[in-house]
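Asker: In order, the protein sequence lines correspond to chains A and B.
Using UniProt numbering, the first residue of the first sequence is number 1, and each one after it goes up by one.
Using UniProt numbering, the first residue of the second sequence is number 1, and each one after it goes up by one.
Think of the hints as simulated: they come from the structure by calculation, not from any bench.
Each residue gets a CB set at the ideal place from its N, CA and C atoms; glycine is no exception.
One thing to keep in mind: the hints can contain errors.
[What the hints assert, rightly or not] Each pair of labels, with its calculated beta carbon distance range:
| # | chain 1 | residue 1 | chain 2 | residue 2 | range |
| --- | --- | --- | --- | --- | --- |
| 1 | A | A53 | B | L28 | 51 to 59 Å |
| 2 | A | L11 | B | G63 | 55 to 63 Å |
| 3 | B | N270 | A | L12 | 36 to 44 Å |
| 4 | B | A18 | A | L12 | 50 to 58 Å |
| 5 | B | S178 | A | A53 | 55 to 63 Å |
| 6 | A | G230 | B | V184 | 51 to 59 Å |
| 7 | A | W111 | B | L15 | 32 to 40 Å |
| 8 | A | L255 | B | T52 | 46 to 54 Å |
| 9 | B | V192 | A | K189 | 49 to 57 Å |
| 10 | A | T173 | B | L62 | 53 to 61 Å |
| 11 | B | R11 | A | G177 | 51 to 59 Å |
| 12 | A | L309 | B | S181 | 43 to 51 Å |
| 13 | B | V184 | A | T251 | 30 to 38 Å |
[As the list claims (entries may be wrong)] Rough simulated footprint, nothing fancy, chain A against chain B, three-plus residues with beta-carbon under 8 Å:
| # | stretch |
| --- | --- |
| 14 | 149-163 |
| 15 | 204-214 |
| 16 | 239-245 |
| 17 | 256-264 |
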Amino acid sequence: MAIAGAILSRLLKAAITLLAIAILNFFLVHAAPGDPAAVLAGEAGAADEQMIADLRAQFGLDQPFYVQLARYVGNIVTLDLGYSFRQGQPVLELILERLPATLILTLTAFWISLVAGVALGVAASARVGKFTDTLITGTALLFYATPLYWAALMAVLVFSVQLGWLPGFGYETVGSGFGGLARALDILKHLILPALTLGLFFMAVYMRMTRASMLEVAQQDFVKTARAKGLNPATIRRRHILRNALLPVVTLAGLQAGQLVGGAVLTETVFAWPGIGRLMFESLAARDYNTILGVFLVSAAMVIVFNILTDLVYRLIDPRIGHKA
Amino acid sequence: MTLWKRFLTNRGALLGLAILIAVIAVALLAPVLYPRGPWAMVQRPFLVPFSTDGLPLGTDTLGRDVLAGLVYGARVSLLVGLVSTLMALLIGVPLGALAGFYGKWVDEGAMRFTEFFQTIPNFALAIVLVAILEPTLTSITIAIAIVSWPPVARLVRAEVMSVTKREYVDAARLAGLSNLSILVRQVLPNTVSPIIVMASLMVATAILLESSLSFLGLGDPNIMSWGFQIGAARTVIRSAWWLSFFPGVAIVLTVLALNLIGEGLNDALNPHLSRKGRS
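Here chain A stands alone, though its shape is the one from the complex:
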């Protein structure tokens, strides 16, 4: 019951947020320098007079402001994200074509960063002040300061250009004719570098958090009790400290996972990964505002879906949450 209510209230909140983003998009189009019709057509270069006149009619630019707003939001609610004049395709179609690649990339990056971050954080906290700890915290600090796209470029340089271990470009080998398992392996090979570099920053975040959280929980009374009972330190760490220390990390991870979508714009640009991030990059150069705003809306929607999912998973892991809320 509690869960059903929680889902319902989250869905309502999600709908309001998306509506607000749609309104924000509308104001952004009007804030752009120049005629909104020209803006939507991808700047004057692509559009002749007739096209702009048609767009004016289509968007009702001669109508009062609130009518225009209602019309724009109405379009988005019915999943009409407009038309990309550059690509000659409806924006929704373009995005749906590219969405699976982005989902594969961001989900892989998320899991890599979470698992590696927690493992390194635990390792560092177990040897606090020793060389291992210094090494891990130092590396994390470095990753934390490294621009995503630069890490990606350097990874291409080392692992693809110099060592030739992994492909540094694209989603799969073009024209390989692979099918079934061979194709999956091929995609996996292409996935490793983009997913690793996309996850690097968040790995550092989760590592630092896990370490701090482990050290904090280790100070609590029930851990002292466990020690006093004479339990093996490794068991205490795994069963008593880690389980409690993970909770804040999982919460943060769930909230931040959505931000990976933003980072995907950079990673996909470097690796020519055919996702919505790359689509956004291509649209930037083409000044294809309809597509840019569409990708923006869809990535916000992905963040919301992700937050709801983590919230649910979290309720299952930690039954205390439902009661508190």
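Model the placement of chain B on the given structure of chain A, informed by the hints.
Answerer: Chain B alone, transformed into the frame defined by chain A:
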């Protein structure tokens, strides 16, 4: 120990401070070091680093001095980082302070607003803003400020809430001070230290954001920046690694320095917490 002494005993923070001072010095001296500016074509393109006198880091695809670009890039990074952080503070501090101080519907409204901005993917919003407002130094700075203020508002709200519960605030109220003067003169000064720590980390994040935007081609077209250098060299990475390598190192060092300083400040301001963390 005083705050300053505690800060100076932290080796990481000192290293960060040294790097930052060096970057600031380079940024200030840019016009003296390279009076011809970063765009001048000085030699033939694609000169390998350490191969030619006077061009230690080689030349780029158009024969421009890579080091001159780096030196001028430092100006943009620091300027955008600093100004956008100040702007984010100007949005976040008042909003958080009002929410935390007045509570009730003010808090509810302010926090819903903040939550909305936290839900939107940061970087995607920054891209959309800069793309639509046309990339200029101003629009980039504003966009970064718009995506970075929510954590400030949350922090200030929490701090103000806890400070407002203290007895001296009750005393001030009994003394007949107005709400506004209690908030501004009694409460806010006591929330300054966590704000300073957060601000130093925000400058670091802002520099990363600016460089990412420039990398995507959303930098101010008239201004040389580190992200632009890397973005312009992206397609020639296989033949000319140094064009993207050195600007990246500059970004990492600067951001690292700011993070180290932020952590050092945090440890110096909360000596109790930091000892607990290290034990």
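Asker: Are the hints correct? Go through all of them and say.
Answerer: Structure-based check of all given hints:
1. In this structure the hint that A53 of chain A and L28 of chain B lie 51 to 59 Å apart at CB holds, the actual value being about 53 Å.
2. Here the CB-CB span from L11 of chain A to G63 of chain B is close to 58 Å, well matched to the stated 55 to 63 Å.
3. Our hint of 36 to 44 Å for N270 of chain B and L12 of chain A holds, since their Cβ atoms are close to 39 Å apart.
4. For A18 of chain B and L12 of chain A, the hinted distance range of 50 to 58 Å is satisfied, since their beta carbons lie about 52 Å from each other.
5. Judged by the Cβ atoms, the range 55 to 63 Å given for S178 of chain B and A53 of chain A holds: they are separated by roughly 58 Å.
6. For G230 of chain A and V184 of chain B, the Cβ-Cβ distance of about 56 Å falls inside the hinted range of 51 to 59 Å, so the restraint holds.
7. Between W111 of chain A and L15 of chain B the C-beta distance comes to about 34 Å, which sits within the given range of 32 to 40 Å.
8. Distance hint check: the CB atoms of L255 of chain A and T52 of chain B are about 50 Å apart, consistent with the given range 46 to 54 Å.
9. For the pair V192 of chain B and K189 of chain A, the supplied restraint of 49 to 57 Å holds, since their beta-carbon distance comes to about 52 Å.
10. Judged by the Cβ atoms, the range 53 to 61 Å given for T173 of chain A and L62 of chain B is violated: they are separated by roughly 34 Å.
11. Between R11 of chain B and G177 of chain A the beta carbon distance is about 57 Å. The supplied range of 51 to 59 Å therefore holds.
12. In this structure the supplied range 43 to 51 Å holds for L309 of chain A paired with S181 of chain B, their Cβ-Cβ distance being about 47 Å.
13. A hinted range of 30 to 38 Å holds for the C-beta pair V184 of chain B and T251 of chain A, which are about 34 Å apart.
14. Under a criterion of three residues with beta carbons nearer than 8 Å to beta carbons of chain A, the stated coverage of the stretch 149-163 of chain B fails, only 0 such residues being counted.
15. Here the stretch 204-214 of chain B counts 4 residues with a CB under 8 Å from a CB of chain A, which clears the bar of 3, and the coverage holds.
16. By the rule of at least three residues with a Cβ nearer than 8 Å to a Cβ of chain A, the coverage given for the stretch 239-245 of chain B holds, with 3 such residues.
17. Counting residues of the stretch 256-264 of chain B whose C-beta sits closer than 8 Å to any C-beta of chain A gives 3, which meets the bar of three, so the coverage hint holds.
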